[in-house]
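Colleague: Here are the chains, one letter per residue:
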Amino acid sequence: AQSVTQLDSQVPVFEEAPVELRCNYSSSVSVYLFWYVQYPNQGLQLLLKYLSGSTLVESINGFEAEFNKSQTSFHLRKPSVHISDTAEYFCAVSEMGGTYKYIFGTGTRLKVLA
Amino acid sequence: DTGVSQNPRHKITKRGQNVTFRCDPISEHNRLYWYRQTLGQGPEFLTYFQNEAQLEKSRLLSDRFSAERPKGSFSTLEIQRTEQGDSAMYLCASSWGTGGGSPLHFGNGTRLTVT
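Heads up: the protein sequence lines correspond to chains A and B, in order. Those letters in the first sequence? Residues 1 to 114, per the working numbering, in order. Those letters in the second sequence? Residues 1 to 115, per the working numbering, in order.
To be clear, the hints were calculated from the coordinates, so they are not data collected in a lab. Where is the CB? At the ideal position from N, CA and C, for every residue including glycine. Some hints could be false.
[Unchecked claim] Covered stretches of chain A (in silico footprint by chain B; criterion: 3 or more residues with CB under 8 Å from a CB of chain B, positions within the stretch not fixed):
# : segment
1 : 13-20
2 : 37-47
[What the hints assert, rightly or not] In silico negatives: residues of chain A with every beta carbon more than 12 Å from chain B:
# : residue
3 : Val31
4 : Ser73
5 : Ser84
6 : Ile103
Isolated chain B, as found in the complex:
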């Protein structure tokens, strides 16, 4: 168990640029989640996958955000035309389960700063 890996750890970009983050989950985990966390707040749900299928996407998520999980392994989160309000820590988590209640295992996150 090598844990959930996220790259890059930090990303600084200018407003209007596109950014892409990568998440490598624990290898046997079938579910993968993306969350966003800002200072003083809890993780905010963005989207999740079961294998390669994206099963739910937050209604708060702008259409500038897109996530993929090809072949049910790693996942990427892309933000197009970044805005200063996108500055946050982006967290990836994974779990194994056929039903509910499986605990999430989190990566250390990617901190995005939009200038």
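Bound conformation, chain A alone:
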């Protein structure tokens, strides 16, 4: 069965600094990978996804994530964060060719400091 590990429960970072949120997954088959963001008092929204092809995927607001099959990772990065990026970020995995179930990590709370 697939699983997702987000080792960092909280990440404080100063505005305009770079950030990396880590995600590792476990699965016996190939997977689809996702990052979701949850802003305070809002529902989860898709940030970006990896389905196939290029291992580097980007979002419209400057985040990117790179799929690394050998390390079973899908870390999320942003070169320069804004106060508005303060939110909780969840990594999720779904197995190819299996059921269409999505498993989420425990989340990383990103707090951007002025």
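Take the given structure of chain A and dock chain B to it, following the hints.
Modeller: Structure of chain B alone, referenced to chain A:
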């Protein structure tokens, strides 16, 4: 696209009572999911439907929980004989797909408090 709608937004109930939540997915979406989220945790998978068929149910799900999706449209999640441990945010999500990899669209959730 009016988004995924969940009702009620909040529910406070006494231990031992039954509660029912409703989810209206995005209209053309064939898959519907229920998750539970507690403070400081990620969404925990409960069950999902493809059209009206319930294809998978979490082994962690007590038999006090039941979900339906009649006619493949809206869905209801019922919890019987509620316990304090059932207090959580219950999330519904939907997607369209014939294969895998379709992103989930989430509602804003129903917050259940069991006193």
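Colleague: Hint numbers the structure violates, sorted upward?
Modeller: The structure conflicts with hints 1, 3 and 6, although it agrees with all the remaining ones.
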